[in-house]
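K.L.:
We have chain P; now place chain C onto it with these hints.
Chains as they are written, first to last, in UniProt numbering: chain P, 1 to 390; chain C, 1 to 376.
There's no promise every hint is true.
Stated by the list, open to error - Here are a few chain P residues that face chain C, going by a calculated C-beta distance under 7 Å:
hint, residue
1, V268
2, S269
3, A287
4, E294
5, H299
6, M319
7, R378
8, A382
9, L386
By construction, these hints were calculated from the structure, which means they are not laboratory data. We put the CB at the ideal spot given by N, CA and C, even for glycine.
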Amino acid sequence: MDLSYTAEEEQFRTELRTWLAENIPAEWTVPGFWESLDPDESFRLRREWEARKTAAGFSGIQWPTEYGGRGGTPGMKAIYDEETVRARAPQTVNVLGLTFLAPTIMAIGTPEQKAEIIGPMLRNEVIWCQGFSEPGAGSDLAAVSTRGVRDGDEFVVNGQKIWTTNAMHGDKIFTIVRTEPGSERHKGLSMLLIDMDQPGVEARPLKQMSGASEFGEVFFTDARVEASDCLGEIGEGWRTAMLLLSFERGASGVGQYTEFRRQYDEIVSHARRFGRSDDPVARQKLAHCLVELECLRYHAMHILTQVEQGRDLGAESSMTKLQWSETFQDLWEAFDDVLGPESSLAAPRPDVDLAPFQHQAMWSRSVTIWGGSSQVQRNIVAERVLGLPR
Amino acid sequence: MFFALTDDQQAFATTVREFLADRFDLDAVRGVVEDPDGDGHPLTLWKGLAEQGALAVLVPEEHDGLGLGLLDAQVVARELGAGVAPGPWTATVLAAEAVRLAGSDEQQARRLPALAAGETVGTVALRGEAGSWDGRGITVDAAGASDAVRLSGTASPVDYANVAGLMVVAATDPSGAPGLYLVEAGAQGLAVRDQRTYDGTARVAAVELTDTPAEALAGGGLAGADAVSAVLARGAVLTAADLVGLAREALTRTVDYDRDRKQFGVPVGSFQAIKHTMADLHVGVTMAEHAVLFAAHAVDSADAGDPATDIAVSVAKAKAADAAWAATGAMIQFFGGIGFTWEHEAHFFYKRARRRAPLFGTADEHRERLAALTIE
Numbered sequence: 001m002d003l004s005y006t007a008e009e010e011q012f013r014t015e016l017r018t019w020l021a022e023n024i025p026a027e028w029t030v031p032g033f034w035e036s037l038d039p040d041e042s043f044r045l046r047r048e049w050e051a052r053k054t055a056a057g058f059s060g061i062q063w064p065t066e067y068g069g070r071g072g073t074p075g076m077k078a079i080y081d082e083e084t085v086r087a088r089a090p091q092t093v094n095v096l097g098l099t100f101l102a103p104t105i106m107a108i109g110t111p112e113q114k115a116e117i118i119g120p121m122l123r124n125e126v127i128w129c130q131g132f133s134e135p136g137a138g139s140d141l142a143a144v145s146t147r148g149v150r151d152g153d154e155f156v157v158n159g160q161k162i163w164t165t166n167a168m169h170g171d172k173i174f175t176i177v178r179t180e181p182g183s184e185r186h187k188g189l190s191m192l193l194i195d196m197d198q199p200g201v202e203a204r205p206l207k208q209m210s211g212a213s214e215f216g217e218v219f220f221t222d223a224r225v226e227a228s229d230c231l232g233e234i235g236e237g238w239r240t241a242m243l244l245l246s247f248e249r250g251a252s253g254v255g256q257y258t259e260f261r262r263q264y265d266e267i268v269s270h271a272r273r274f275g276r277s278d279d280p281v282a283r284q285k286l287a288h289c290l291v292e293l294e295c296l297r298y299h300a301m302h303i304l305t306q307v308e309q310g311r312d313l314g315a316e317s318s319m320t321k322l323q324w325s326e327t328f329q330d331l332w333e334a335f336d337d338v339l340g341p342e343s344s345l346a347a348p349r350p351d352v353d354l355a356p357f358q359h360q361a362m363w364s365r366s367v368t369i370w371g372g373s374s375q376v377q378r379n380i381v382a383e384r385v386l387g388l389p390r
Numbered sequence: 001m002f003f004a005l006t007d008d009q010q011a012f013a014t015t016v017r018e019f020l021a022d023r024f025d026l027d028a029v030r031g032v033v034e035d036p037d038g039d040g041h042p043l044t045l046w047k048g049l050a051e052q053g054a055l056a057v058l059v060p061e062e063h064d065g066l067g068l069g070l071l072d073a074q075v076v077a078r079e080l081g082a083g084v085a086p087g088p089w090t091a092t093v094l095a096a097e098a099v100r101l102a103g104s105d106e107q108q109a110r111r112l113p114a115l116a117a118g119e120t121v122g123t124v125a126l127r128g129e130a131g132s133w134d135g136r137g138i139t140v141d142a143a144g145a146s147d148a149v150r151l152s153g154t155a156s157p158v159d160y161a162n163v164a165g166l167m168v169v170a171a172t173d174p175s176g177a178p179g180l181y182l183v184e185a186g187a188q189g190l191a192v193r194d195q196r197t198y199d200g201t202a203r204v205a206a207v208e209l210t211d212t213p214a215e216a217l218a219g220g221g222l223a224g225a226d227a228v229s230a231v232l233a234r235g236a237v238l239t240a241a242d243l244v245g246l247a248r249e250a251l252t253r254t255v256d257y258d259r260d261r262k263q264f265g266v267p268v269g270s271f272q273a274i275k276h277t278m279a280d281l282h283v284g285v286t287m288a289e290h291a292v293l294f295a296a297h298a299v300d301s302a303d304a305g306d307p308a309t310d311i312a313v314s315v316a317k318a319k320a321a322d323a324a325w326a327a328t329g330a331m332i333q334f335f336g337g338i339g340f341t342w343e344h345e346a347h348f349f350y351k352r353a354r355r356r357a358p359l360f361g362t363a364d365e366h367r368e369r370l371a372a373l374t375i376e
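Pulled out of the complex, with its shape left as it was, chain P reads as follows (with noise of 0.2 Å):
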């Protein structure tokens, strides 16, 4: 066993820690502070903010140096997810294309591709959407049905897409559409690049439960995109698709630990404000939320490893999913039996702001849904891990 980084991983530490407290304002830190933002402020924030940190060279910590990336090593992707929620730095605004869609245009787009695409999402001049699942394809994605027609050099593309993250900021979607008509399943698909800024591509946003937008809807009315805007060859898009899938794999837990254990300490100072700490029932939930916690950090340790020793993760990013998405939810669901009846109270004394742990809790309920649901994840790990009969 050894549990620590190398030198030159701890000086891209320091150099990191050192640019985000020159360049994080401290008001940002505020919790709360971004909710308290209109979206569209906020999003045009981060955007500039994280230009500036690509700038500054922190940004596709483990890219190529060719595509503009820092060329780093899992260690310091690892640190980098680390450092920035320590430090309370804003999150990505690309996210879908800095994890999907890029390392996908490095493995099998054209040069074109590679060139024109990764630079301007790097630098957010272009911020990229998934359009993936539509209303009759949510966990069972091979039944998309937005088509798209040959018509000369061009595809003529209609349907919806839904949850469809940065709708309303998006610039570009990379999307899923049937472009061999008649065709079922798996079979007929095309991973067309799409141009959002155009008379036949509408976005609504989906108010969440939460009150918040962070989800849209995608309408597609006879927008066109050119035959070569594909990724992958034409009619392989279920094969681009899983490849493309596959980047979520060896997704850090060490950002998301870190994050959720400042939660917990959060949780446990409110806990501690209206007395409950000392309630043994209280106590038992909380830890138990810590030793899923900690088993989360273990795991991120693990995961790093087995990057490092170049082993092929497989269907272990499935339950790097369920763990950190079910233990994410548990916390909250132990904020509210915690709190009692504070819990749902934004302003339970006059200076107590809980909002934005309520909002945290309300999060919490989509995480066991998106990027594959739990039921999901199990039957995967069922069938792919144990090897349990479809």
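P.N.:
Only chain C this time, still in chain P's reference frame:
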């Protein structure tokens, strides 16, 4: 970052696993389970473990040991748990740890070689009936001058006191200070009363002491409450490792069975009601495996009394206890009626998990300790 076992550690695990498969399989375990009047200490198993160095792992090289760490020892504990192997391995290793941590150079030289070689069986008696496992549950009193200590009281439950040649007993002196003392088998005023556990892979007794001569463990690196805590921490980690090993084996056996067992014309393992439970168990057992590795490493590398180490130990013990109870309960459920029979091996796993999980602190006690460490 290297959060994993080394090749050497994995090879050590394989050696112990293959030894158990060859020389002490479930039929042999059954022989011990079905002989409750026997001493539960099969010598073929004991000698084999000693030959592999399994008893010498933590003993320093100058006392004929291997001088390795708790991370290496937990490798053995996991395999013994997976094999539901009977015998006083954990008890003997913990007794040797007490001598190593709290004993003088002379005491270590006199006691450790025989423990490392398996010539002497050891055990630890660290609490009494209804007592907590944090040093406050001690129910034995020490009296007399340091060179003529006498112990009185009852420690319980004590693993393998029936065959132990050397017992490490926690006792409080007249000032109320806890400490560790050695009592030899056959000492005056020592009575060992069999407590008849349903876990047939162990033998458990109450150790009754009446003005019994004892030797204080003193002059080593740790003393008093620190020494007691250090042994309890190692007991918690090794017990957690045993529980994790048996939880993994119980789950693996259940999955294998439900892949083949057909009802309604299909394997029952194809039903999501079963799949999802198995998936959750797999995640839980995997997390417990991580937690045991981390805790063992933390104990090996941290200074005594580091709260981060206490957190790691309690996380591992709480998680492993819960995982073992869940996996062995599921083993009976998902084998169906056959899993409830005496002829089936599920009850070996279930009963061992039920008995061992509370040792060195129940899951609830460890969660309360975590609360104390993070809430106050």
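K.L.:
Using the nearest Cβ pair, does R378 (chain P) come within less than 7 Å of chain C?
P.N.:
Cβ of R378 (chain P) sits 4 Å from chain C, so the hint holds.
K.L.:
Does the closest beta carbon of chain C sit nearer than 7 Å to the beta carbon of S269 (chain P)?
P.N.:
Since the shortest Cβ distance to chain C is 9 Å, the answer is violated.
K.L.:
Does the nearest C-beta of chain C fall within a distance shorter than 7 Å of the C-beta of H299 (chain P)?
P.N.:
6 Å, holds
K.L.:
Just to be careful: measuring from the Cβ of V268 (chain P) to every Cβ in chain C, is the smallest value less than 7 Å?
P.N.:
5 Å, holds
K.L.:
Would you check whether A287 (chain P) satisfies its interface hint, that is, whether its CB is within less than 7 Å of any CB in chain C?
P.N.:
4 Å, holds
K.L.:
Would you settle whether the hint for L386 (chain P) is holds or violated, based on the nearest Cβ-Cβ distance to chain C being less than 7 Å?
P.N.:
5 Å, holds
K.L.:
Given a cut of 7 Å on the nearest C-beta pair, is the interface hint for A382 (chain P) held or broken against chain C?
P.N.:
4 Å, holds
K.L.:
May I ask you to test the interface hint for E294 (chain P) with respect to chain C, counting a Cβ-Cβ separation under 7 Å as satisfied?
P.N.:
Interface hint status for E294 (chain P): holds (5 Å vs cutoff 7 Å).
K.L.:
Does M319 (chain P) meet its interface restraint, that is, does its C-beta lie within less than 7 Å of any C-beta in chain C?
P.N.:
5 Å, holds
Of the numbered hints given earlier, the model fails hint 2 alone.
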